[in-house]
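Asker: Note that the sequence shown covers residues 889 to 1161 in our numbering.
Hints in this document: simulated from the structure, not taken from any laboratory. Be aware that one or more of the hints could be misleading.
[Said to hold, decoys possible] Here are the simulated SDA-like cross-link-like pairs (lysine to any residue), alpha carbons at most 25 Å apart as the crow flies: (1) Lys905 to Gly940; (2) Lys995 to Ile1141; (3) Lys968 to Asp1006; (4) Lys1078 to Asn1142; (5) Lys968 to Pro989; (6) Lys1078 to Glu1062; (7) Lys1078 to Gln1109; (8) Lys1078 to Ala1038; (9) Lys968 to Arg987; (10) Lys994 to Arg962; (11) Lys995 to Trp1096; (12) Lys994 to Asn1099; (13) Lys905 to Gly1085; (14) Lys994 to Phe1090; (15) Lys1078 to Phe1090; (16) Lys968 to Gly1085; (17) Lys995 to Asn925; (18) Lys994 to Met929; (19) Lys1078 to Pro1061; (20) Lys905 to Pro1039; (21) Lys905 to Arg987; (22) Lys994 to Phe1051; (23) Lys995 to Gln977; (24) Lys994 to Gln984; (25) Lys994 to Asp1068; (26) Lys995 to Glu1024; (27) Lys994 to Phe964; (28) Lys1078 to Arg1026; (29) Lys994 to Thr1049; (30) Lys968 to Lys1078; (31) Lys1078 to Ile1141; (32) Lys1078 to Phe964; (33) Lys968 to Val1133; (34) Lys995 to Leu922; (35) Lys905 to Pro989; (36) Lys968 to Gly940; (37) Lys995 to Arg916; (38) Lys1078 to Val1133; (39) Lys1078 to Leu1036.
All values derive from a computational prediction rather than experimental measurement.
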Amino acid sequence: MANNAMASDTTPRDWSKVEVYYDNFLERLVRDFLFGNRRIMAAIRFALGQFGHHPTQILDIGCGLGWTSFEMARHFPGAKVQGVDLSGQLIDAAGQLFRRPNLVYKKTDATSADFVFDRQFDAVLLVDVYEHIPAEDRQAFHQSLRRLLAPNARVVLTCPTVFHQQWLRDNQPEGLQPVDEDLVLADMVKMAEDLGGRLCVFAQQSIWHGNDYFHALIDLQSQWGERPAHRIKTVTPRWQRLWMVFSRLPLRINPLRKPGQWAYYLKTWFSGM
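From just these sequences and the hints, can you work out the full model?
Answerer: Structure follows, in structure tokens:
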């Protein structure tokens, strides 16, 4: 079993504590959206490039605040996008911040028996999610996910490499989450086999450090054919992200409206950080 890091009072089945942990991510994820986050933006661009087959049903597992779901809905207006996350607070905020007619959010645990939908998806996205699923739960998760995949589905994953996980353990252990597994190429190959597809892309990326993340693509209908049309892979402009947060999030969870915070956020935003 891969090495992992778990809080001392949290077990893989104690998801109530994990949910509370992610509920507290709200302001951090709002900052990521406001100022931009290299890891998330790289993941969005990768997914947009791999979903060039014009998906009609997109599932974003572990969508968090909903930024990735929003970008999928924005770039694929003809698709219906479903974002899901374990955190009810993040799902509530996502529904207020990101509003599009082809985008909905739902609170659900992807490793539970409740992870069911009345439709199949031809595009699935997991941005920094798979490493937070306990290794012993992967097989059941694969079985549940396979039932949700259309015959031509593509599954995109982005995850930290073992190099980054070890760096966190050695230098920044507070950056590890309640469940944080090591993942290697063999894990992606196994997932692809369980889903009935092929691992077509496994590429290490250098986001903040050399080879600290990897991007992967699992394709259920991998075959020679016409090259997908090139897509302009852009994220929502910074000025628009600022206005969305300021105007849409309610006062109680809006960092821009907290006393004394407006000047800080404007200064940071204009500094390009």
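Asker: Check each numbered hint from earlier against the structure, then list the numbers of those it violates in ascending order.
Answerer: 1, 4, 6, 11, 12, 13, 14, 19, 20, 21, 22, 29, 30, 31, 32, 35 and 38
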